[in-house]
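Peer 1: Chains as they are written, first to last, in UniProt numbering: chain A, 1 to 444; chain B, 1 to 498.
Mixed in with the good hints, there may be bad ones.
[Stated by the list, open to error] Every beta carbon over 10 Å from chain A, so not counted as near; a handful from chain B, in silico:
1) Tyr-6
2) Leu-195
3) Thr-217
4) Arg-278
5) Pro-305
6) His-338
7) Arg-348
8) Arg-377
9) His-433
10) Leu-437
11) Leu-466
[Unchecked claim] Residues from chain B that face chain A, not an exhaustive set, calculated with beta carbons under 7 Å:
12) Ser-182
13) Arg-183
14) Pro-187
15) Asp-215
16) Ala-269
17) Thr-296
Just so you know, these hints were derived from the structure itself, not from any lab.
Even for Gly, the Cβ is constructed at its ideal location relative to N, Cα and C.
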Amino acid sequence: MRYDSITEAIGNTPLVRIDPAVHGLRNIDLYAKLEMLNPFGSVKDRPAWHMARPHLEGADGEGTVVELSSGNTAKALALLAGMHGLKFKSVTNRMRVPEIKELLLLLGAEIEELPGRSECLDPTDTDDPLTHFHQALSDPDSTYLHTDQYFNPRNTEAHAAGTGPEIVKDLDGRVPDWFIACVGTAGSSTGVARVLREHDPAVRVLGLVAHKSDFIPGIRTIDEVHQVGLFDPGTYDTIESVTSGEAIDGMVTLIRRCGLLSGPTGGAAYQGAVRHLRDADAELDGTGERRTAVFIVCDRAESYLSYVRRRRPELLGQAKRGHTAASLTDAEAQAEARVITVADARRWTAEGDPRPLVVDLRSPHAYGALHIEGSVNIVDEVFDELVRGGLPFSKRTPVLLACPVGEKSLRYAALLTRRGHPDVRSLAGGIVAWRDAGAPLVRE
Amino acid sequence: MDVPLYLRPRVEPPLASLLRAQTFLHSLVDALGSPLNVLIPEVVAENAARFRAVQRRHHLAGRVYYAHKANRSSSLVRRLAAEDVAAVGIDVASLEELRHALGCGFTGDRIMATGPKDAEFLWLAARVGATVNLDSPGELEQLAGLVRGHGLARVDVLVRLSGFESAAVQGGTGTRLLARRSRFGTPVREAEALLSALERHRDVVELTGVAYHLDTTGVEEKARALEQCVLFMDECRARGLAPRALDIGGGFGVGYLADAEEWERWTTALSEAVLGVRPPLTWRGHGYGLRNEGGTVRGNAALYPAHRPTAGPGYLDELLSMPAPVLGRPSATLLLEHLHDLYIEPGRSLVDQCGLSLARVLDVRPAGEEPDRYLVRLGMNAGDMSLEEHGVLMDPVLLPRGGPADGEEEPVGVFLAGNLCLEADLITRRLVHLPRLPRAGDLLAFTNTAGYAMDFHAHRAQRQPLARTVAVEPEGDSWRWCLDEDYWPLTSPGGTTA
Ligand SMILES: Cc1ncc(COP(=O)(O)O)c(C=O)c1O
Numbered sequence: 001m002r003y004d005s006i007t008e009a010i011g012n013t014p015l016v017r018i019d020p021a022v023h024g025l026r027n028i029d030l031y032a033k034l035e036m037l038n039p040f041g042s043v044k045d046r047p048a049w050h051m052a053r054p055h056l057e058g059a060d061g062e063g064t065v066v067e068l069s070s071g072n073t074a075k076a077l078a079l080l081a082g083m084h085g086l087k088f089k090s091v092t093n094r095m096r097v098p099e100i101k102e103l104l105l106l107l108g109a110e111i112e113e114l115p116g117r118s119e120c121l122d123p124t125d126t127d128d129p130l131t132h133f134h135q136a137l138s139d140p141d142s143t144y145l146h147t148d149q150y151f152n153p154r155n156t157e158a159h160a161a162g163t164g165p166e167i168v169k170d171l172d173g174r175v176p177d178w179f180i181a182c183v184g185t186a187g188s189s190t191g192v193a194r195v196l197r198e199h200d201p202a203v204r205v206l207g208l209v210a211h212k213s214d215f216i217p218g219i220r221t222i223d224e225v226h227q228v229g230l231f232d233p234g235t236y237d238t239i240e241s242v243t244s245g246e247a248i249d250g251m252v253t254l255i256r257r258c259g260l261l262s263g264p265t266g267g268a269a270y271q272g273a274v275r276h277l278r279d280a281d282a283e284l285d286g287t288g289e290r291r292t293a294v295f296i297v298c299d300r301a302e303s304y305l306s307y308v309r310r311r312r313p314e315l316l317g318q319a320k321r322g323h324t325a326a327s328l329t330d331a332e333a334q335a336e337a338r339v340i341t342v343a344d345a346r347r348w349t350a351e352g353d354p355r356p357l358v359v360d361l362r363s364p365h366a367y368g369a370l371h372i373e374g375s376v377n378i379v380d381e382v383f384d385e386l387v388r389g390g391l392p393f394s395k396r397t398p399v400l401l402a403c404p405v406g407e408k409s410l411r412y413a414a415l416l417t418r419r420g421h422p423d424v425r426s427l428a429g430g431i432v433a434w435r436d437a438g439a440p441l442v443r444e
Numbered sequence: 001m002d003v004p005l006y007l008r009p010r011v012e013p014p015l016a017s018l019l020r021a022q023t024f025l026h027s028l029v030d031a032l033g034s035p036l037n038v039l040i041p042e043v044v045a046e047n048a049a050r051f052r053a054v055q056r057r058h059h060l061a062g063r064v065y066y067a068h069k070a071n072r073s074s075s076l077v078r079r080l081a082a083e084d085v086a087a088v089g090i091d092v093a094s095l096e097e098l099r100h101a102l103g104c105g106f107t108g109d110r111i112m113a114t115g116p117k118d119a120e121f122l123w124l125a126a127r128v129g130a131t132v133n134l135d136s137p138g139e140l141e142q143l144a145g146l147v148r149g150h151g152l153a154r155v156d157v158l159v160r161l162s163g164f165e166s167a168a169v170q171g172g173t174g175t176r177l178l179a180r181r182s183r184f185g186t187p188v189r190e191a192e193a194l195l196s197a198l199e200r201h202r203d204v205v206e207l208t209g210v211a212y213h214l215d216t217t218g219v220e221e222k223a224r225a226l227e228q229c230v231l232f233m234d235e236c237r238a239r240g241l242a243p244r245a246l247d248i249g250g251g252f253g254v255g256y257l258a259d260a261e262e263w264e265r266w267t268t269a270l271s272e273a274v275l276g277v278r279p280p281l282t283w284r285g286h287g288y289g290l291r292n293e294g295g296t297v298r299g300n301a302a303l304y305p306a307h308r309p310t311a312g313p314g315y316l317d318e319l320l321s322m323p324a325p326v327l328g329r330p331s332a333t334l335l336l337e338h339l340h341d342l343y344i345e346p347g348r349s350l351v352d353q354c355g356l357s358l359a360r361v362l363d364v365r366p367a368g369e370e371p372d373r374y375l376v377r378l379g380m381n382a383g384d385m386s387l388e389e390h391g392v393l394m395d396p397v398l399l400p401r402g403g404p405a406d407g408e409e410e411p412v413g414v415f416l417a418g419n420l421c422l423e424a425d426l427i428t429r430r431l432v433h434l435p436r437l438p439r440a441g442d443l444l445a446f447t448n449t450a451g452y453a454m455d456f457h458a459h460r461a462q463r464q465p466l467a468r469t470v471a472v473e474p475e476g477d478s479w480r481w482c483l484d485e486d487y488w489p490l491t492s493p494g495g496t497t498a
């Protein structure tokens, strides 16, 4: 394969059969349409290119492409804009996955996050940021190119021209009995459904939305889809909701058992599909008939690690390492740590022979603002790493540990004592008590 | 009628047991008239303790300042005045609130004066040694003039900052968190002028802290503001000022509804009604800000997020646990490591579960053409109980007179109208589902109204009586009550036993 531009690599994604041993459906062949293998990583490469192309090809390196997007469309548009010397700005209040935000920054995007809702409701408020956004776009001097994915028919067309026909071609000209897609802008489900119905009106289309109180990045809840211009309830034979838990279950199955490095919406589509098809599959038992179903895997897993970590930390569990301060119980810390009052500590640091090394466990910024003269700063996270390995100081050096209120330092004092250090003490009440006693703190 | 679209309130003890004391509540309304507000002052003290517990868990020193604007009652303020002086203060936003707080037992050193201030308010605040939360450089100049001109003692001040979003842009590209525009506070980018003014007036004012109050439910915006205030305080320190407290305002929110699913079902039904795929849920198809544009729902629902998983002290905990966007440490750690105290100013959330508003049913009739729909006229108006005005949707609790009649339990949809001769005087613009049709003489109890709903909009239009307010406390199986203005937090409060 040899191309002149990466945009030529958009589309023509594989259709891969899911092993029946995994999904357990006996009479239905289930296929995954791997949109995650588009060059920018998602199903949105197609509409992004189709929507932006007329703007970009006419543009002479002027202006900014803007879109309300929380991830994949933004990613594709940022790359496309960059290739054509334009800037890209994403406006959203849904960018809740930090890796995606950082990835967009890497791509050179500018991100504007819409504020949360007002706590004190003002029903006459016309000052909502989305209104400002649309006003800025319609300003005659504006150099914004708004791709408008929620309302732009070219979004749907990209799938009617590409995704849909590819599925039919890969099924040897047949249309699947079921087509399953998650609904975000409704572009992929609407475009594909249109083409499939034209071939065979008997196809059943299942639209999946996020459970109302839940959050699955990239898809909408049943209320939110009503705000999408491309959404027409008539497109779907059924609309069902999926929870974030099901999405992660599905994602893990696709990753660990099928070798498909899917993100949460692919997982949601898989899990929703299997759940929906189970009854139909049972009815087919004994009839000797076979059916096919196709679902879309929208994007890849890598960008969602923190999403997974938050909801299913055990999936990313690290093996336990040596003895840490956190593994001591409160009672152990109390019993094994030596503590020293502010008054004694002042004397010790002034007159001790040898003088103790004072270690301040706070962040560098706080340390820079005010600290005990002569102390060194080792922020707790770093200190934690250091003491995992052993003793970071000589046993001949006495040590005074200080943290804000004497709670963290107590644990570390206990731990280091356990490790055999003869004279580690924790400053009782911490830097706060030191300050409250009127003891000097310096700034550098 | 299909499934009744209930939005039942979250009611916790002791409010729950007060609601069960139907005979008592009926006798109160018989004696004092409809509408009537009932407050349980003990609850405000418990709520303050909950907020303090969260602060303590994060090892933070500081104070809970009750945002007086949430309710004009005396019993709540007096009950809080009786709490630990180091832990509980009051935030007053007007001269009258300041006078009220002083009269209820708060000494000046426990009072924070916020909001826009006129000369009289500034003078009295300075005179009694309250902390002045400065809204603008202009206020600082005015205060400094007053202190000098009247030979007053040096005044503790906080500066309230705003406009945190613009300061977050780093070098052209990056993430910008837009914020709802605020008329209050001094934008961070203008803080330089403020700092030099503070230095110039050091003989008459002492900067003891920095403040913000953001009108948003978004915890990320608050974490960002918090961090920027910490950075700003550092700048103050570098210039020889010594602010010590960070005041993060209020806005911790209340979860009004008991059941998430009821809220979800109702809001979905609203979208469907706006699209016309189901009959309207509201008086004349009111859409609460949503509209139908060619089959697509547009606009924002002007509704308080009435069911929320975290609110009040839980929300504070979430904010304090959230990593600061630049420095990365959790907000609480940031404050603690910089040796800062935390002030909070909860209003709505401090009076959560503190009271209810009662209205007598005056009249029940069919609501025009629609079958199975009724109009219930109440002895109160939309000003007396303004949950709806604040976008809080919550069903009232029906308190029948003389106990439930048998055989009539049949859910019914009603519109609740007020006692003014105005088409617009609806207590709810929403069809409210009740477990049965009320009758004249029954009471409706609107629960959890102490935060802004009870008397925020009350007025004397058309010479209708204003709600009286009583304070109650449990006494054995019964309740003791007194007029709000007669309540004092003494071991044996005055008043009569029911
Ligand atoms: C400065 C300030 N503090 C506190 C509050 C109280 O907020 P809430 O009642 O939402 O807790 C307000 C509300 O307007 C305010 O402006």
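Peer 1: Run through the hints listed earlier and report the numbers of any the structure violates, in increasing order.
Peer 2: Failing hints, ascending: 3, 5, 6, 7, 12, 13, 14, 16.
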